[in-house]
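For reference, the chains in residue letters:
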Amino acid sequence: MRVPLSWLREYVDLPAGETGRDVAARLVRAGLEVETVEQLGADLKGPLVVGEVLSIEELSGFKKPIRHCFVNVGAANGTGEPQEIVCGATNFAVGDKVVVVLPGAVLPGPFPIAARQTYGHTSAGMICSARELGMGDDHNGIIVLEPHHEPGTDAIELLQLVDEVLDIAVTPDRGYCLSMRGVAREAAAAYGLPLADPALLDVPPANSYGYLVKVADPAGCDRFVARTVTGVDPSAQSPIWLQRRLQKSGIRPISLTVDITNYVMLEVGQPLHAYDRNRVDGPIQVRRAAAGETLTTLDGVKRKLSTEDLLICDNSGPIGLAGVMGGATTEILEPVVDPETGQVTGSTDVIIEAAHFEPVAIARSAKRHKLPSEASKRFERGVDPEAARAAAQRAVDLLVLIAGGTAEAGVTDIAAPHPLRTIAIDADLPDRVAGTGYGRETVTRRLQEIGCTVVGTDILEVTPPTWRPDLTDPYDLAEEVIRLEGYDNVPARMPTVPPGRGLTEAQRFHRRAGVALAGAGFVEVNNYPFVGEAALDALGLEPDDDRRRTVKLVNPLNDEEPGLRTTLLPGLLGAVRRNLGRGNTDLAVFETGTVFLPKAELKVAPRLPVDRRPSDAELAELDAALPDQPRRIAVALAGERLPSGWWGKGAQAGWADAVEAARTVARAANVELTVRQAQRAPWHPGRCAELLVGDRVVGHAGELHPRVTKALHLPERTAAMEIDVDLLFAGGGQRVSGPAVSSYPVATQDVALIVDAAVPAAEVEAALRDGAGALLEAIRLFDVFTGEQAGEGKKSLAYSLRFRAGDRTLTADEASAARANAVAVAGERTGAVLRGV
Amino acid sequence: MSAPNKSYDPVEVEALKPEVVEQARDEAVAAFAAAGSLDELKAAKVAHTGDRSPLSLANREIGALPPHAKAAAGKLIGQARGAVNQALAKRQAELEAERDARVLVEEAVDVTLPYDRAPRGARHPLTTLAERIEDTFVAMGYEVAEGPEVEAEWLNFDALNLDQDHPARSMQDTFFVQAPDGTPDSGVVLRTQTSPVQARTMLDREPPIYVVCPGRVYRTDELDATHTPVFRQVEGLAVDEGITFADLKGTIELLVSKLIGDGLQLRWRPSYFPFTEPSAEIDLQCFVCRGESVGNPDRPCRTCSSEGWIELGGCGVVNPRVLVACGVDPSRYSGFAFGLGLERILMNRHNVADMRDMVEGDVRFTLPFGMEI
Ligand SMILES: [Zn+2]
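Going down the list, the sequences are from chains A and B. Following this note's numbering, the numbering of the first sequence begins with 1 at its first residue and continues without gaps. Following this note's numbering, the numbering of the second sequence begins with 1001 at its first residue and continues without gaps.
Treat the hints as calculated values from the structure; they're not laboratory data. Glycine included, every Cβ here is placed at the ideal spot set by N, Cα and C. Do not rely on the hints blindly, as some may be mistaken.
As the list claims (entries may be wrong) - Facing chain A, according to a computed beta carbon distance under 7 Å, are these residues of chain B, among others:
1) Val1109
2) Val1111
3) Arg1123
4) His1124
5) Phe1231
6) Val1317
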């Protein structure tokens, strides 16, 4: 809602020096969201005056029509001589009254005006268009004023170019503030000043000879006021003040009748519709649409109607989508000027509709037909049903006053009975909600200020005003009192919080995992979880891969990405590519977040009641409709993991770094991770590790398949890891038992084994451990090689074994015996033989 | 060595004559002083203190002396040897110091060499910001609650007093999940707020409840400098006997002072949220311009767009209807709730101009934030 300050002052006698910002600050504290205060004409400087066009000389030989004019600007130019002006517009004639800006003035921009030579003449000023004056950007043509304005008159004042406009974002509970009347009421309360209510008008009572209206659906339409004005002059134009108020409020002037309906809507908040009576066929009917009915709305779109749509009809069928938009067949005709005679034809007899519709019906129709209109916006949020009569009267008055029409005596007013709502509220409820003491008198006074009637002492019987349908329970009333008393005046206090249990073990682990990865040189990224087929194809997933089964969105941001991720890799690899594209070459990134795995059986989540706690069975039905959402961690590496430098050679990132990242996470969970050779997209079939906790696969790591790196434009050998941290965490958490640290001397023995190349090192190591027995303190693989020395199809693994006893110094024989046993077990299990034996 | 001589005076033994001993001593001292290196000193040491050195030889003569002469001769030699050893030690120390100084100079390195051998990592500032807020509340006794991002509509809307036709429901620009039959009527959405976690908490346990709920939420905004369709919130909920708006104010004020610092004004603006009543938006005085940019075109402020205030988030007293739907008795308990947008706090607290930087994962953005924020 855009509120011109000059207009607001018509209803509240605000202090003279009060600026838009001052008013905005007061309204903000009362709960109106004033987004901006626009300073209209702030950089505008005169002289800007009315001029009379004395002569026009059409200059030829230029690319566009150019006019050389003399304009009478009265005494405004200091000489009284005609002002010489060159103009590029053509929509004016000799004798027209126009708006002239003289040298020395500044137009909005700022755009200083000076006399200059152009097209071979002097141009001492400009004849102005609406756009140049900042009156709205839809008119390129010159403003032609009504003939009665005197040359030399100040046009800044005349066109009301200087003003302040408050732009207010009206929350859904404050529909009444979508009107000057409502905002003025809030301003009056905020300043403690009286309100001149524009809806307080003398209205003749309803009678039987108004336009015939039949309401077949009183639940959908509980009020319908119709008034008729005849003999409207189709050539009459909206006066400047009316046009300016509409423009400042963000509504484009169209024609006088339409402008008046819009103006009254802005003023009192009641949407009006004007019909050309001569185009309406018989009585007006209000009913729901029948199956298969259509309506062409006045935006020219033919719409298929739903049986839930509330319609305005005549004998010909639908003529309007109630409360949303009128129909094309009965709309007010745009005035047309006959070029021969100058005669203006258009609508002359007008029916004004001021009705009240059920908010939900209007909201649904507007949503269904994607037609959010000024009218529907107001009906959805609630319109004062008692304002309909006054609004219709106001429109009739303006049509008579400005358009030369005659009001017909008939007044149609169909009203379904409206029971008065009363709310019982404990007088101290606002005190208890706010945590302070207002007292009953303050509570009563504040409720009266917003238009409630209040009776009672300890328990107040409150009748809210008709324009506040949002006030339905005692807490609504408490809120009004607290807001008007000011949130700033509520004291600040700390609740007494009982001792909490701190973070859960899982939460502590999530933090540790992030810290461990960051400590290991990974940078955290967060990616959107949206995926499409292309991303899954690029990963080389088989058609029946589970990860292709995604949760689908109805309204994705991007039609190419309608699904939710089933793996973190697409987003993470996208981040790698983005970084590479920006020249960040050596990358190690990680992401932690949920993936979305549809359940085997897809279900719909029920709509449960809200007037009680749903049963556990009902709540379980909700969860059954949700996908599984496990938490994952993934990493990706490309380029150098360890850079080369003056210290020596570095190392490229590779599969081993990815596997190690998994171990880093596992260590943070205090979980023993088993690594096994595996094959799974998108990894390289020979360089993919399956990560297990016990027998359970919790993730994969390794180098990406060359086809995947190619498809994703990633460097060769890019490596990645993805692990399910929920599963990982579930396998860990054992309390560490402190080891007994022996201070006896260590005995170190090396062993080099030859095994088949296909034997996993992990198995050899496990065999050595088992064979070495309790004396083995640590084992470390320090060399691996293949080639001639190892033999065809073989590899050599060299281990360092550290032996130590807890209670004595080991003899060389004891250590050697343990080593020999280790080698023997490795030989049995893996076929390992000692090198060089 | 001479044969035992029981009748002669010691002075008759040439090697034990005081002048001979003193000369040997002086020669030794001079030789040490003349040694220019540790090697020369070692040679001089052998020559003057070794088994064949004059003083050692003289010392051996003492054994042959008559008892009455032994003491004097021993003293004479002992003093000479003491002086020699002292000179040796002194020269040894001097020469070692010289050598050490020389070697350490030769071993000097350029300690300003860069050493970026171990790659640096960092956690995302939104993660660590959420943790900082969590920690503030955990220290007060709150617990951290989490919930699903794909959520039942009932929990995201209905239970929070937003029925199907509520105008606020269209304010929220929701992503809807397809039903099994491909229609939008799945009853499932991407949560538009973390409030469903609050609802789940109330459904799960009895008051008193004090929780904070951090998490990702979704709205159908296009990504630009100040919007992202996927963003982070931290919401808080307190449900207990006698909870009031005043408790909410105290709690938020404490959070702001911990998170941003003291001395900045807070503005409590009445607003509207279906799940709270009364509802408020909390604005923080702009900490860059402290409001001095308002109406002052010469001093525009980018941080607050010259508004003087920065929106922190929304809050209010929990609407009793929400308590009812979540199984809490509103005649006994009341509560407050608040929600903060982390992206905006990060922008303000750390001068981040463009929200896209938080989304795109450029490591250059994240690295400076390190491990904590
Ligand atoms: Zn500022």
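Checked hints:
1. Against a cut-off of 7 Å between C-beta atoms, the interface hint on Val1109/B is violated, since the closest Cβ of chain A lies about 10 Å away.
2. A distance limit of 7 Å between C-beta atoms decides the matter here; for Val1111/B the minimum to chain A is near 13 Å, and the interface restraint is violated.
3. Taking 7 Å as the C-beta cut-off, the interface hint given for Arg1123/B holds, the closest approach to chain A being about 5 Å.
4. With a cut of 7 Å, the hint placing His1124/B at the interface with chain A holds, because the nearest CB-to-CB distance is about 4 Å.
5. Evaluation of the Phe1231/B hint against chain A yields a violated restraint, the C-beta minimum of about 10 Å exceeding 7 Å.
6. For Val1317/B, the suggested interface contact is upheld, since its CB lies about 6 Å from the closest CB of chain A, less than 7 Å.
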